[in-house]
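**Q** Chains as they are written, first to last, in the working numbering: chain A, 47 to 264; chain G, 47 to 264; chain F, 47 to 264; chain S, 47 to 264.
In short, the hints are calculated from the structure, not lab data.
Some hints could be false.
Pairs count within a copy or across copies, as identical chains cannot be separated in the list.
Think about it this way: if two alpha-carbon atoms lie no more than 20 Å apart in a straight line, the pair counts; the simulated DMTMM-like pairs of lysine to aspartate or glutamate are [stated by the list, open to error]:
1) K80 with D255
2) K76 with E179
3) K212 with D245
4) K212 with E168
5) K80 with E128
Number of protein chains: 4
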Amino acid sequence: MTDTSHARPLPEYLIRRYHGWKATSYEENKGWYKRLADEGQRPRAMVISCCDSRVHVTSIFGADQGEFFIHRNIANLVPPYEPDGKQHGTSAAVEYAVTALKVAHLIVLGHSSCGGVQGCYEMCEGRAPELEETSSFVGRWMDILRPQHGGLPEGDDPTRLRALEKRAILASIDNLMTFPFVASAVENGSLTLHGAWNDISTGALEVWDPADREFLPV
Amino acid sequence: MTDTSHARPLPEYLIRRYHGWKATSYEENKGWYKRLADEGQRPRAMVISCCDSRVHVTSIFGADQGEFFIHRNIANLVPPYEPDGKQHGTSAAVEYAVTALKVAHLIVLGHSSCGGVQGCYEMCEGRAPELEETSSFVGRWMDILRPQHGGLPEGDDPTRLRALEKRAILASIDNLMTFPFVASAVENGSLTLHGAWNDISTGALEVWDPADREFLPV
Amino acid sequence: MTDTSHARPLPEYLIRRYHGWKATSYEENKGWYKRLADEGQRPRAMVISCCDSRVHVTSIFGADQGEFFIHRNIANLVPPYEPDGKQHGTSAAVEYAVTALKVAHLIVLGHSSCGGVQGCYEMCEGRAPELEETSSFVGRWMDILRPQHGGLPEGDDPTRLRALEKRAILASIDNLMTFPFVASAVENGSLTLHGAWNDISTGALEVWDPADREFLPV
Amino acid sequence: MTDTSHARPLPEYLIRRYHGWKATSYEENKGWYKRLADEGQRPRAMVISCCDSRVHVTSIFGADQGEFFIHRNIANLVPPYEPDGKQHGTSAAVEYAVTALKVAHLIVLGHSSCGGVQGCYEMCEGRAPELEETSSFVGRWMDILRPQHGGLPEGDDPTRLRALEKRAILASIDNLMTFPFVASAVENGSLTLHGAWNDISTGALEVWDPADREFLPV
């Protein structure tokens, strides 16, 4: 039995805002929300993005309820396929989106000034020993990105950091292809993979171009 | 080096919507976005919610860029503290939010018609052998919730399912308290935990009341 | 040394309400309030509104502690830039918000039935000689708005009064642009200016539309 | 004629929240708001507080539309009575509240971590030459508080800063008594003055006790 004596009521300002949403957005769309509840969701795309508060997936893409199945973790990473019976939250989300919901697009959305990528960079440069510890969840999670540090171009830290942010996207796409159900969906044409990177400051969006093999502004 | 020959350009409809966002929302708020990029995020709260496309965390709470650090996984689950050096994406997100960003609130937001919770329920009722397989990422992820099935009240399936959805929230809050940095932040008053459940169909929001030990509509 | 023998204890009803706030809102949000105290405020917007008791800036915009830097004076007026070494409370507030806090938005919020604007109107129509006196602080303060009276459209008093309320907002925005630090922040895109008018009776909100050159309901 | 080509539409998130307020708080109270519009405001108290985003006057005192006439400026200062025909925004607000609205209470509400008071302190200690410049609106505004620096107790900076925050409240009350209309209203018993100080971090409220001649927690 759970012991949740530590849970507290929501802050009032959020309750007030919720009531505002309920009386407007919900009220105006309740027919659609009821259908979504009765018939289940049928999202067209899955988006994997960072938890960062500055990334607003639905705003950027003008998406409303029912459109995107969204998984958000630190640094928008996908680990390689590893069916070892342990708990893999990201893999579970991908599996559910591709095999149960059969989404048509899977978008990995990275962003500038990513604290997780920066942590990985500092760790790989030997400047963040605390992230090397076994007990560091962030450090161990960023191990997924670690192999990408070796191939970074020469340059100053900001340049290399940005390059690593973009490699986080590409590495995730590569890792996605190691999942048999992803690879087969891509191969039979029912799923397409996409990599995009958002500059928080300028609002720019760059998308991976497989022909030119670089990220290009849209 | 990565091999991302499978990545494709974004669907045109998303690029069009992005350009619309850039010319309007971004343009009206660029001073704020630039500051968020320059000075870093300082979100007041972390929200852990489901990936489900019908859950719109920011809409429900009228939140804009910079307000919420959002982790989304299947069924808004938090596993227990397990610093074994393996990859724990949810634990990494919680660690980053609490120790680096020092969020003041951590809200676990569940919802009705949760496919992940339903999968767990079917599995525990013996009706989903495929989820029992070692290779099922969803099944293994939902093992986090499994212990809650035992204590469900008698009743029909919908009643028990809804109860399990709410137990997923409470179990996550309990598991959060097994993380030393969460427990100490709660104990010293710098962090409060909150559990809430949203009914997709009716738009209702229920919040866990620690005094009455039940979810009550706000 | 000050002589404050005239100060009195707070009315009991306010003390009771304060204790209620302390035991509820404060208690639920103390982690956030402590962070705001330790790390300083970082408000996204400054709002300049009237002192009128019927204008509730934070309620209308669902804002909580830390979101808005709020200056309130009679009739939400901003005087022109005048760095003469005298005391200019409004100019000081604008200077602090723009140069020290670097707010991203500056919203001038006017309202219906504004007593200050009405006083200015009566004064300009020759019906309030007491406001013309040198010793009238309200009269001299409303001199800021006086130049706008000349260009009012023909019509009955209520129509012209409402027009003058809206001109108070626009004149303040124009005056804001005479402050070099405001103009340069607007020009480099780090600050945007906004004009809005709230109808106390109907609750309507109208926002200045620079394209149509009029206030339009949102 | 005004030229407001620089004004921009409001950010979307504020418009959404406004619509939420309109559909809930406004709708539930429209009878009262309509009366407030038709019959005019009749606030019981005037509050003079700081613009600081962390000070929520209405929350702390559980006040709703129509209760408080609120003037907010940097550091909640009131200048001395100076009827020189120039623009004095604070004096105009006090004059309107006391002579036109006839408020029964006038509360000067200070707070901890006040940036304006800190600026004054640094200036008086010779550590902020930029605030001494004629063109510094904040510096000239804080000149109102300057005379209080001389009598500060010995001690470290934080202790002296806190003392100066409280003297800002007392000096304002003293200055209020230099206004003939305030002094006569106090003397005939129709107005009482109050000084209070809020600790942002702990939520504590201290009120000036004229008997003990110190600020005491309520």
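**Q** Determine for every hint whether it applies to the structure shown.
**A** These are the hints, each one checked on the structure:
no.	hint	result
1	K80 with D255	neither (39 Å within a copy, 24 Å between copies)
2	K76 with E179	neither (49 Å within a copy, 32 Å between copies)
3	K212 with D245	within (11 Å within a copy, 37 Å between copies)
4	K212 with E168	within (16 Å within a copy, 40 Å between copies)
5	K80 with E128	neither (38 Å within a copy, 30 Å between copies)
Comparing the model with each numbered hint stated earlier shows that hints 1, 2, 5 do not hold.
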